[in-house]
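Trainee: Sequences and hints are given; from them, build the entire structure.
The lines below spell out each chain.
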Amino acid sequence: MSHKSTREKLLAVVDDYEIVSKELIENALAPKHQKISSAEHTALVELLVSKDEELKKLLALAAEQETVEETINELRVNVDIQDSEIQKLQRQLKEAEQILATAIFQARQKLASIAKANQRPVNSEELIKYAHRISAADAVCAPLNWMPGDIRRPYPTDIEMRMGLLGKSELNLNGSTGISALNNMTTPGGSSILAGLQQHGNNLGEVHRTASTGGLSSSEYNDIPNSTHNQFSWNQMGDLHMSMGSSSVSLDNRHKDTSQDDVEVMSTDSSSSSSSDSQ
Amino acid sequence: METTAEIKQEVQPPQVVQQNILKIADLDIEILPTIYEIIRCVEKDPAENRNSSAECSQKILELKKRFDLARSQIKQLTGIDFNKEEQLQKREQLKSQLKLKQELIAKYKNKQF
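Chains as they are written, first to last, in our numbering: chain B, 1 to 279; chain F, 1001 to 1113.
Everything labelled a hint here was simulated from the structure, so no lab data went into it.
All C-beta atoms, glycine included, are put in the ideal place defined by N, C-alpha and C.
Errors might be hidden in some of the hints.
Computed far set for chain B versus chain F, every beta-carbon distance over 10 Å [to be verified]: (1) 39; (2) 48; (3) 95; (4) 105; (5) 110; (6) 116; (7) 122; (8) 143; (9) 149; (10) 152; (11) 168.
Covered by chain F, according to a simulated footprint, are these stretches of chain B (three or more residues, beta-carbon under 8 Å) [to be verified]: (12) 19-26; (13) 50-62; (14) 75-89.
Mentor: Shown next as C-alpha cells:
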C-alpha cells in the first residue's frame, strides 16, 4: 500500500466512497423490513464520513505534491540548461583537441626539420652563391647582359660535368666501387678526388676566374684524374674517345660543327672557346 | 547568457503542450452534500411531495456524474504519479544532479590553461 502513488490512492478512495454511498442510498430506498439496523447504519455513515475525510487529506497531500512537482520541473529545466552547457563545452573541447593535435603534429615535423638542419649546417652565403651559379650556368639562354669575353656559359662546364652523376658513372665503369674508390684515388698532389671535387665546387669561381685570364693551362686540366684513365674521355678538340685496350675509337660528335659555331658566337676568347671541355 | 536564453526557449515548448493539466484549486469534488440531499429526498413523506421519486432519481444520476467527474479530474492532476516519499527523493536527486553539473561547469569555465 505504501508503494501506491497518490493518484491510485485517490481513485481507490473515490471507489470506496461510491460503494459506501451506494449502500447507504440502497438502504434508504429499501422497504422497512429489509433495512439494516441503526448501529450498522451509523457505522456506514461513519465510514462514509471517514472516506470523505480521507479524500480531503489525500487532496491536501496532492496539493503539497503539486508544489513539489513545480520545484521538480524548475530543477529539470535547470538541469537541461546545464546539460546543454556541458555539451557545448564538450564540443568546444573536442574542437580544441583537434586543433592542438594538428598543431603538435606540425610542430613535431618542424622540430624534426630543425634537428635535421642542425646535423648538417649549410652556410647561407655559400648556398646563395651556388644558387646563382646554377641559375647562370644551367640556363637555356644567355643572360641579357652577356657580352663577348664573359666567362658564363649556358651549359655545364667540364668540371661541373665531372662533379655530376655522369662523372661518377665514369668511375664506376673503370671498376672502382663508388665512393670508396673515389676516396682511394688520389690526385698527383696527394689529395683525394672527393676532396678535390668538393674543393672544385667551393672554388669554382676562382677556377672560372683563372681560366678566363688564361691562368689555367691545359696541362693543369690534364691533372684532373680519370680523364686519361677512363674508357670515355674528352680530348681538347671536344671529341669523345673510348679507349679499348691499346686502341681507341673516336666517337664523332654529330653536332660538332654546329656546337663549335655556337661557342664561337658566344665567346671570342680562343683559349676558352675552342671546346666545351676547356672550361 | 545568450546560450542560456536560447536553451530556455528550446525547453519551454514541452510545457505549453501539456494543457490538460488540472490544478488542485480547480478541483470540484463535493460528494457528501449530494448524498445528504438524496437521503433527505428519500426520507421525505410521499404525501408532501409527489415528485420526490423523480427528484431522487435525478439526484442519484447527479451523484454518479459527480463520481465520474471526480475520477476524470483526479486523472488530470499533476505531480501525483508518485507518493510523497518517492517524489521528495526524486527532488533531492535532481538537486544534487544540478549542483554537480553546476560545479562541473564552474570547474572548467574558471580553469586557467
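Trainee: Each of the hints needs a verdict: does it hold here or not?
Mentor: Here's how the hints hold up against the structure:
Interface exclusion of residue 39 of chain B from chain F stands, the closest Cβ pair being 17 Å apart, more than 10 Å. The Cβ of residue 48 of chain B does not lie farther than 10 Å from every Cβ of chain F; its closest approach is about 7 Å, which violates its non-interface assignment. Even its closest Cβ contact with chain F, about 14 Å, leaves residue 95 of chain B beyond 10 Å, as expected for a residue assigned away from the interface. Distance check for residue 105 of chain B against chain F: the nearest CB is about 20 Å away, which clears 10 Å, and the non-interface claim stands.
Against chain F, the non-interface label of residue 110 of chain B holds: every CB pair exceeds 10 Å, the least being about 22 Å. Distance to chain F confirms residue 116 of chain B as a non-interface residue, since its nearest Cβ pair spans about 32 Å, more than 10 Å. Consistency note on residue 122 of chain B: stated as away from chain F, and its beta-carbon is indeed over 10 Å from all of that chain's, at 39 Å minimum. Separation of residue 143 of chain B from chain F is adequate, the least Cβ-Cβ distance of about 57 Å exceeding the 10 Å criterion.
Look at residue 149 of chain B: its CB is around 68 Å from the nearest CB on chain F, clear of 10 Å, so calling it non-interface holds up. At roughly 59 Å, the least C-beta separation between residue 152 of chain B and chain F is larger than 10 Å, which holds for a residue marked as non-interface. Every beta carbon of chain F lies more than 10 Å from that of residue 168 of chain B, the smallest distance being close to 56 Å; the non-interface claim holds. Against chain F, the stretch 19-26 of chain B contributes 3 residues with a C-beta closer than 8 Å to a partner C-beta. That satisfies the three-residue criterion, and the hint holds.
Using a Cβ-Cβ cut-off of 8 Å, 5 residues of the stretch 50-62 of chain B lie near chain F, which meets the minimum of three, so the contact claim holds. Counting residues of the stretch 75-89 of chain B whose beta carbon lies closer than 8 Å to any beta carbon of chain F gives 14, which reaches the threshold of three, so the coverage claim holds.
The earlier numbered hint that this structure contradicts is number 2, and it is the only one.
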